[in-house]
Each structure stands twice: as structure tokens, then as C-alpha cells.
Amino acid sequence: SSPNVTRKQEHEEGDMGVSDKFQLVLHVARKVQNQLGHMANCLEKIKK
25 SSPNVTRKQE HEEGDMGVSD KFQLVLHVAR KVQNQLGHMA NCLEKIKK
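Taking the working numbering, the leading residue of the sequence shown gets 25, the next gets one more, and so forth.
Keep in mind that the hints were calculated from the coordinates and are not lab data. Hints are not guaranteed to be accurate.
[Said to hold, decoys possible] Have a look at the derived ranges for each label pair, beta carbon to beta carbon: (1) GLU68 to GLN47: 30 to 36 Å; (2) HIS51 to LYS72: 29 to 35 Å; (3) SER43 to ILE70: 36 to 42 Å; (4) ILE70 to GLN47: 31 to 37 Å; (5) VAL42 to LYS72: 40 to 46 Å; (6) GLY61 to GLY41: 39 to 45 Å; (7) LYS71 to HIS51: 26 to 32 Å; (8) SER43 to LYS69: 29 to 35 Å; (9) LYS71 to ASP44: 38 to 44 Å.
[To be verified] Straight-line alpha carbon distances no greater than 27 Å define the calculated DSSO-like cross-link-like pairs of lysine-lysine that follow: (10) LYS45 to LYS55; (11) LYS69 to LYS45; (12) LYS55 to LYS69.
Using N, Cα and C, we set each Cβ at its ideal position, and we do this for glycine too.
Let the sequences and hints guide you as you build the complete structure.
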């Protein structure tokens, strides 16, 4: 029964890892979006 316990732990850690990666991707995406928004504002000012 010992290997089963190990597998379950690995599976849970794997799920946690995916969740963490997803959070990281969201965080990076928001940063990129903010940067693009800032650049767009600057370009608008330059155009005017």
C-alpha cells in the first residue's frame, strides 16, 4: 500500500503545481496588459 500513498502525494503536488503555474501566468498576463495599456496611452499622447 506504500506506493499508492506516494502516488497520491505526487498527484496532489502535481495539481498544486498546475494551480501555481496558472496563478503565475495570470499574474504575468496582467503585468503585460498593464504595460501595453501604458504604452497605448503614451502613443495616444504622442499622436495628439
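Hint numbers not upheld by this structure, sorted from lowest to highest: Hints 6, 8, 11 are the ones this structure does not satisfy, whereas the remaining hints hold.
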